[in-house]
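Position chain H against the provided structure of chain Z, taking the given hints into account.
As given, the protein sequences belong to chains Z and H, one line each in that order. Here the first sequence stands for residues 549 to 689, where the numbers follow the working numbering. Here the second sequence stands for residues 3 to 112, where the numbers follow the working numbering.
Treat the hints as calculated values from the structure; they're not laboratory data. The C-beta atom is built at its ideal place from N, Cα and C for all residues, glycine as well. Don't take each hint at face value.
In the DSS-like style, the derived pairs of lysine-lysine whose C-alpha atoms are separated by at most 27 angstroms in a straight line are [stated by the list, open to error]:
no.: 1; chain 1: Z; residue 1: K577; chain 2: H; residue 2: K59
no.: 2; chain 1: H; residue 1: K110; chain 2: H; residue 2: K59
no.: 3; chain 1: H; residue 1: K110; chain 2: Z; residue 2: K577
If you only want the chain Z side, here are some residues facing chain H, beta carbon under 10 angstroms, derived [stated by the list, open to error]:
no.: 4; residue: V572
no.: 5; residue: L611
no.: 6; residue: A626
no.: 7; residue: Y627
no.: 8; residue: L629
no.: 9; residue: S631
no.: 10; residue: Y634
no.: 11; residue: P635
no.: 12; residue: L636
no.: 13; residue: G656
no.: 14; residue: L659
no.: 15; residue: S664
Stretch-level coverage of chain H by chain Z, calculated; a stretch enters the list once three of its residues show a Cβ under 8 angstroms from a Cβ in chain Z [what the hints assert, rightly or not]:
no.: 16; segment: 29-36
no.: 17; segment: 87-99
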Amino acid sequence: MITTPRKNFPLAFFAFLLLLDVTVYLLQKFASLQAAHHGSGFFIHLGMEPWAWIALAIGPIQLLIWTRILEHVDISLAYPLTSLAYPLTLLASQFILGESLHWQVWIGASLITLGSAIMGMSSNKTRISTAQPIIPAEQHP
Amino acid sequence: MNHPAALLLVSCCIAIETTEQSLYRMAGRNRHQFLYRVAPAIVLHMVGLLLWYWLLKYMPLGQALPLMGANFVAIALVGRFIFCEEINWPRWAGIALILCGFVLVAAKSS
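So here's chain H without its partners, still in its complex pose:
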């Protein structure tokens, strides 16, 4: 059984990565507010890095890394529901295949 802090940290890492990527997307589409979007993204990046190292204290890498595959799904959902991107079935299929591949690679890298 994992340390209870581990699952909380995993969720935080996923939330941070998703927010960071959303900020990059906003920065790309709005050059006037580029710095106001990128600066918090960089801060989030560093916080995420610290939480990631903290997480690795409680969880082996081979277990933590596959869980980060949830980033692909979370960011696709943000694209679909917040940025109104149209995701056709090849795109969902591609995301699913990449997710499977990522988990296979990550699970072996403990």
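Bound conformation, chain Z alone:
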């Protein structure tokens, strides 16, 4: 099979995407904690929380970064790597929210990190295939 060298992995974009992922999870948590304070009418109070709206506004930014990443990276590599947001959020929840977690969650988070590391380390040696994709729109103009 004819192969071409892979473009460099867009690490900065990917790191920024993970940072935004963690930020959104934390903002959602802040917003729901604040809204729960008021007792009744959770969703009405949630709608009045600035944190909830900031979290929502980050969505389009993530979409642009994500499609930009997928321009250069196989989806079978990029999509599983986004799960790194889970262990990062666990760490953030420890330090910022002071949550305590079950050991099973830590083992799971370690497995996700290990799996991502294996994928990441092998990605530089991988070559992308130039086989004709089934969907013609996939070809670069």
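Here is chain H on its own, set in the frame of chain Z:
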């Protein structure tokens, strides 16, 4: 035994997430048709969110969330067979490890 609607909803959620991600990938590779790929993806995202909340009525989160790990496998298969991506063994091994980790974390979050 689960409600019969639950398994159907799980399959729908997986199919929607896989289609959505495929659309993002197509949008990334074809800037001329960016909006035509991203707009249906956003609609699918919202439909998926509604189905997800609906699913959680029939199934506890600790059971529904690990099943969503099937997304990793489904999207890898789409990458392999529709987008002709070459998946070497470290990549399969990484996907398998991430899947195990995801299921462990998700199963504890009920």
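Verification of the supplied hints:
Between K577/Z and K59/H, the direct Cα distance comes to roughly 21 angstroms. Compliance with the 27 angstroms bound is thereby established for this hinted pair. With a C-alpha separation of about 18 angstroms, the suggested pair K110/H and K59/H falls inside the 27 angstroms cut-off, and the hint holds. The straight-line distance between the Cα atoms of K110/H and K577/Z is roughly 18 angstroms, inside the 27 angstroms bound, and the hint therefore holds. Interface restraint check: V572/Z against chain H, minimum CB-CB distance 14 angstroms, threshold 10 angstroms, status violated.
Nearest Cβ of chain H to the Cβ of L611/Z: about 7 angstroms, under the 10 angstroms cut. The hint holds. Interface restraint check: A626/Z against chain H, minimum CB-CB distance 9 angstroms, threshold 10 angstroms, status holds. Interface hint at Y627/Z: satisfied, since its Cβ lies 5 angstroms from the closest Cβ of chain H, which is below the 10 angstroms cut-off. Hint status for L629/Z relative to chain H: holds, with the closest Cβ pair at about 8 angstroms, below 10 angstroms.
Hint status for S631/Z relative to chain H: holds, with the closest Cβ pair at about 5 angstroms, below 10 angstroms. The beta carbon of Y634/Z is positioned within 10 angstroms of a beta carbon in chain H (closest approach about 6 angstroms), and the interface hint is therefore held. Of the supplied interface hints, the one on P635/Z holds, with its beta-carbon coming within about 8 angstroms of a beta-carbon of chain H, less than 10 angstroms. With a cut of 10 angstroms, the hint placing L636/Z at the interface with chain H is violated, because the nearest CB-to-CB distance is about 12 angstroms.
The beta carbon of G656/Z is positioned within 10 angstroms of a beta carbon in chain H (closest approach about 3 angstroms), and the interface hint is therefore held. With its C-beta approaching chain H no nearer than about 3 angstroms, L659/Z sits inside the 10 angstroms limit, and its interface hint holds. Proximity of S664/Z to chain H holds as hinted, the smallest CB-CB distance being about 6 angstroms (cut-off 10 angstroms). For the segment 29-36 of chain H, the proposed coverage by chain Z is satisfied: 8 residues have a C-beta within less than 8 angstroms of a C-beta in that chain, meeting the threshold of three.
For the segment 87-99 of chain H, the proposed coverage by chain Z is satisfied: 11 residues have a C-beta within less than 8 angstroms of a C-beta in that chain, meeting the threshold of three.
When held up to the earlier numbered hints, the structure conflicts with 4, 12 and fits the remainder.
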